[in-house]
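There are 2 protein chains.
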Amino acid sequence: MKRVALCAILVGTAMAASMAGAVPVHTPSDTRLIAAIKAKPAVKAAFAALEAEHDQWVENIVTLTEIPAPPFKEAARGKAYADMFRAAGLTDVEIDEAGNVLGMRRGTGKPGGKLVVVSAHLDTVFPEGTPVTVRREGSRLYAPGVGDDTSGLATQLSLVKALIASNISAPMDILFVGDVGEEGLGDLRGMKQLFGKGKYKDRIAAFFSIDDSSIDGLTNGGVGSKRYRLNFKGPGGHSFGAFGLVNPMTAMSQTVVDLYNIPVPKSPKTTFSASVVGGGSSVNAIPREVWLEVDMRSESAAELATLERAFLQTVDKAVAGENAARSTKDGVISVEKKIVGDRPAGSTAADTALVRQTAAAYGAEGVAARLSFSSTDANVPMSLGIPAITIPRAAKGERGHSTDEWIDVSAPESLKVKRMDLLAILAAAGYR
Amino acid sequence: MKRVALCAILVGTAMAASMAGAVPVHTPSDTRLIAAIKAKPAVKAAFAALEAEHDQWVENIVTLTEIPAPPFKEAARGKAYADMFRAAGLTDVEIDEAGNVLGMRRGTGKPGGKLVVVSAHLDTVFPEGTPVTVRREGSRLYAPGVGDDTSGLATQLSLVKALIASNISAPMDILFVGDVGEEGLGDLRGMKQLFGKGKYKDRIAAFFSIDDSSIDGLTNGGVGSKRYRLNFKGPGGHSFGAFGLVNPMTAMSQTVVDLYNIPVPKSPKTTFSASVVGGGSSVNAIPREVWLEVDMRSESAAELATLERAFLQTVDKAVAGENAARSTKDGVISVEKKIVGDRPAGSTAADTALVRQTAAAYGAEGVAARLSFSSTDANVPMSLGIPAITIPRAAKGERGHSTDEWIDVSAPESLKVKRMDLLAILAAAGYR
Numbered sequence: 063m064k065r066v067a068l069c070a071i072l073v074g075t076a077m078a079a080s081m082a083g084a085v086p087v088h089t090p091s092d093t094r095l096i097a098a099i100k101a102k103p104a105v106k107a108a109f110a111a112l113e114a115e116h117d118q119w120v121e122n123i124v125t126l127t128e129i130p131a132p133p134f135k136e137a138a139r140g141k142a143y144a145d146m147f148r149a150a151g152l153t154d155v156e157i158d159e160a161g162n163v164l165g166m167r168r169g170t171g172k173p174g175g176k177l178v179v180v181s182a183h184l185d186t187v188f189p190e191g192t193p194v195t196v197r198r199e200g201s202r203l204y205a206p207g208v209g210d211d212t213s214g215l216a217t218q219l220s221l222v223k224a225l226i227a228s229n230i231s232a233p234m235d236i237l238f239v240g241d242v243g244e245e246g247l248g249d250l251r252g253m254k255q256l257f258g259k260g261k262y263k264d265r266i267a268a269f270f271s272i273d274d275s276s277i278d279g280l281t282n283g284g285v286g287s288k289r290y291r292l293n294f295k296g297p298g299g300h301s302f303g304a305f306g307l308v309n310p311m312t313a314m315s316q317t318v319v320d321l322y323n324i325p326v327p328k329s330p331k332t333t334f335s336a337s338v339v340g341g342g343s344s345v346n347a348i349p350r351e352v353w354l355e356v357d358m359r360s361e362s363a364a365e366l367a368t369l370e371r372a373f374l375q376t377v378d379k380a381v382a383g384e385n386a387a388r389s390t391k392d393g394v395i396s397v398e399k400k401i402v403g404d405r406p407a408g409s410t411a412a413d414t415a416l417v418r419q420t421a422a423a424y425g426a427e428g429v430a431a432r433l434s435f436s437s438t439d440a441n442v443p444m445s446l447g448i449p450a451i452t453i454p455r456a457a458k459g460e461r462g463h464s465t466d467e468w469i470d471v472s473a474p475e476s477l478k479v480k481r482m483d484l485l486a487i488l489a490a491a492g493y494r
Numbered sequence: 063m064k065r066v067a068l069c070a071i072l073v074g075t076a077m078a079a080s081m082a083g084a085v086p087v088h089t090p091s092d093t094r095l096i097a098a099i100k101a102k103p104a105v106k107a108a109f110a111a112l113e114a115e116h117d118q119w120v121e122n123i124v125t126l127t128e129i130p131a132p133p134f135k136e137a138a139r140g141k142a143y144a145d146m147f148r149a150a151g152l153t154d155v156e157i158d159e160a161g162n163v164l165g166m167r168r169g170t171g172k173p174g175g176k177l178v179v180v181s182a183h184l185d186t187v188f189p190e191g192t193p194v195t196v197r198r199e200g201s202r203l204y205a206p207g208v209g210d211d212t213s214g215l216a217t218q219l220s221l222v223k224a225l226i227a228s229n230i231s232a233p234m235d236i237l238f239v240g241d242v243g244e245e246g247l248g249d250l251r252g253m254k255q256l257f258g259k260g261k262y263k264d265r266i267a268a269f270f271s272i273d274d275s276s277i278d279g280l281t282n283g284g285v286g287s288k289r290y291r292l293n294f295k296g297p298g299g300h301s302f303g304a305f306g307l308v309n310p311m312t313a314m315s316q317t318v319v320d321l322y323n324i325p326v327p328k329s330p331k332t333t334f335s336a337s338v339v340g341g342g343s344s345v346n347a348i349p350r351e352v353w354l355e356v357d358m359r360s361e362s363a364a365e366l367a368t369l370e371r372a373f374l375q376t377v378d379k380a381v382a383g384e385n386a387a388r389s390t391k392d393g394v395i396s397v398e399k400k401i402v403g404d405r406p407a408g409s410t411a412a413d414t415a416l417v418r419q420t421a422a423a424y425g426a427e428g429v430a431a432r433l434s435f436s437s438t439d440a441n442v443p444m445s446l447g448i449p450a451i452t453i454p455r456a457a458k459g460e461r462g463h464s465t466d467e468w469i470d471v472s473a474p475e476s477l478k479v480k481r482m483d484l485l486a487i488l489a490a491a492g493y494r
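In order, the protein sequence lines correspond to chains A and E.
All letters in the first sequence, in the order written, are residues 63 to 494 by our numbering.
All letters in the second sequence, in the order written, are residues 63 to 494 by our numbering.
Excised from the complex, chain A in its bound form (with noise of 0.2 Å):
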């Protein structure tokens, strides 16, 4: 989840207006249902067994904490992940061809109808080499990861071993996940691998992503995001003798002030950001190459379009015009745009049933449910339209995408949030 990372590295600008939504709306009818769940005994032993199993938790983020998984590098992590999930008793237990581990717990349904995915990703943004053993100082772990989103994996785990050891199937199957490539460049390629090639893609009904570090946040828009690195070239040249050649550079410059102009909506939120730049060899001479990273994102998937459009049209108008105002005599102005990302935008509507009820669940734990803007692995089903929200992974934390991350295990809060996880869950799965 990339709300924590944004909070470390923006220090002082005003996100939270742009982040947080109204309090939802739910129904007494979605109260009721959620009380009725709430009360079936066989919720309550599931409580208790969640209650019975804090410590094994805690261990279980400090395990999967200590197995790195950089970037595309998951590997070692779902292994491990995939042999809690066996041992936990889910059935079907299989690592996909993206790295995803899945495991199922069958519900009381015919073979092969609709199901729930549940999901928390394997992947940490921190680099192979990062130090990653856990620091314990009271209630608090401190490590590299340890809450995004590997407390998300030790809190699904507990989801799945409360409903097996309570003995609750819900009518509908519920797949959980453990998947990879949430962060940056990972782009959402484990859950682009689930949604869009997987062997259960036709059958999900609704998507839960375990991975946010709050207690009351409900995300259920996706921000998309389209990001792009373009490689300016040139011929290069002295910067004396070859006087009057074109320059990437100019070209780069020129893509930026124009972007800059490009109009954008205020809602749906729409933004762009030139972000990185690099290139050029020596104070003496013009440049062979210059490169430019760009960020666009919307709450809107047709916003977004239109964005880019006009952002490529303006990176092309920007070489042309060079290759006009210079010499081409040694070569032209060339760029080279490369998707470096590619976020889907979409949102699951606050009134849908499984926005509401999940606000009920949260609330029938007294919390009150906070909507938000996110980009999560969620934007995936979101943006296909398939009801999708990312909720609270049970323990509290900051610095998350720093090595100074730490989360909160304090029990009666984790507790009271795996609560409403399940709760949520088990509603949107049709257990009644």
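Among these hints, one or two may not hold up.
Because identical chains share one entry, a pair is satisfied inside a single copy or across any pair of copies.
As the list claims (entries may be wrong) - In the SDA-like style, the derived pairs of lysine to any residue whose C-alpha atoms are separated by at most 20 Å in a straight line are:
{"no.": "1", "residue 1": "K141", "residue 2": "A473"}
{"no.": "2", "residue 1": "K172", "residue 2": "E365"}
{"no.": "3", "residue 1": "K328", "residue 2": "A387"}
{"no.": "4", "residue 1": "K331", "residue 2": "S389"}
{"no.": "5", "residue 1": "K400", "residue 2": "S344"}
{"no.": "6", "residue 1": "K478", "residue 2": "S445"}
{"no.": "7", "residue 1": "K141", "residue 2": "Q255"}
{"no.": "8", "residue 1": "K295", "residue 2": "T376"}
{"no.": "9", "residue 1": "K400", "residue 2": "N229"}
{"no.": "10", "residue 1": "K263", "residue 2": "D154"}
Since the hints were made in silico from the structure, they are not lab data.
Knowing the structure of chain A, use the given hints to seat chain E on it.
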């Protein structure tokens, strides 16, 4: 000397046209004057000494090349060179505050009068740790820095020894110098010391830099340069959450676009280059800092100053424009303008006695002098109105500023160049 470096960087741009000047017209009286000097028995003895010393000259090139002299770290080579000056018989040998090695050949005039400076630079462009062992293949020596300007240092030493062996004293004192800081960010600091603060600064009537890799180059034009590193800073923020805040990338880009719209004259040739850029930390963050390196050059000091003023206005305007265009609630864009290079422009007119007589000296050895513009140690005296030129090192070479650098130390050609250099210096020092 920068010319070889340019070629190494260039690969296929047309610099030759801009660097080469017309063949100078030396008068018949210049020719006669040089012929008269050349006919003197003492000068013939000096030529014989040069010939006898050829192998030692090659050995000195090897010895000096193998003492690394990276930018700002010329001390070890300087110390060795000072010892060579003493051993050769120069008086008043010292190392000045900047690290220049100075040694005097007293003239026949009264002490404290005008003098001629001859110089070669100690520093190379190569960083510490670059292997500098010289490899010999036939008449070629291969090593980083072997030509630029180590062969110039060795040639200067041969000229000193030839003068002393033949007991020549010109009317004027001749101050021989092994100077520091010629290359890159060294920024001519050796020359700035010599002409700005040194104890001989008010006595210098003419200046020779022995630093041309060709046989026929006679650099009488000093291309001036001013180099800036601009650091644009802003508050930064998340690309989505903080959208709307000022971005240093935009201010940098507007600077480049506007710079490339500043008109500059073709003659005196005046140029600019937005050469190196960097900044930003992550594609999903508005950068906190973006930097840009810009090079400006001119054959005319006045035109360089005009360009610099326009450029600095452009920078300020771009920053102000960005602060006006977007929100500054979390901070404004600021810019730090750091001068990272300042080489004064200047020239020595083709009809001055120094240029005419030197061209006649080349002619006496059958070489047609080729006037050129470049950036060398001679820039500093040129900018002060002191007649100054750069003359050949006596070892033709290529690939300067690359680790493939090589020179040819064949005796006939190198001796020809040493003879013409010596004739030119003697003429400038009033020897008749």
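Against the structure, the hints:
{"no.": "1", "hint": "K141 with A473", "verdict": "neither (28 Å within a copy, 73 Å between copies)"}
{"no.": "2", "hint": "K172 with E365", "verdict": "neither (41 Å within a copy, 85 Å between copies)"}
{"no.": "3", "hint": "K328 with A387", "verdict": "between (35 Å within a copy, 16 Å between copies)"}
{"no.": "4", "hint": "K331 with S389", "verdict": "between (41 Å within a copy, 16 Å between copies)"}
{"no.": "5", "hint": "K400 with S344", "verdict": "between (25 Å within a copy, 16 Å between copies)"}
{"no.": "6", "hint": "K478 with S445", "verdict": "neither (30 Å within a copy, 79 Å between copies)"}
{"no.": "7", "hint": "K141 with Q255", "verdict": "within (18 Å within a copy, 68 Å between copies)"}
{"no.": "8", "hint": "K295 with T376", "verdict": "within (17 Å within a copy, 25 Å between copies)"}
{"no.": "9", "hint": "K400 with N229", "verdict": "neither (50 Å within a copy, 71 Å between copies)"}
{"no.": "10", "hint": "K263 with D154", "verdict": "within (15 Å within a copy, 89 Å between copies)"}
Checked against the numbered hints given earlier, this structure breaks hints 1, 2, 6 and 9; the rest are met.
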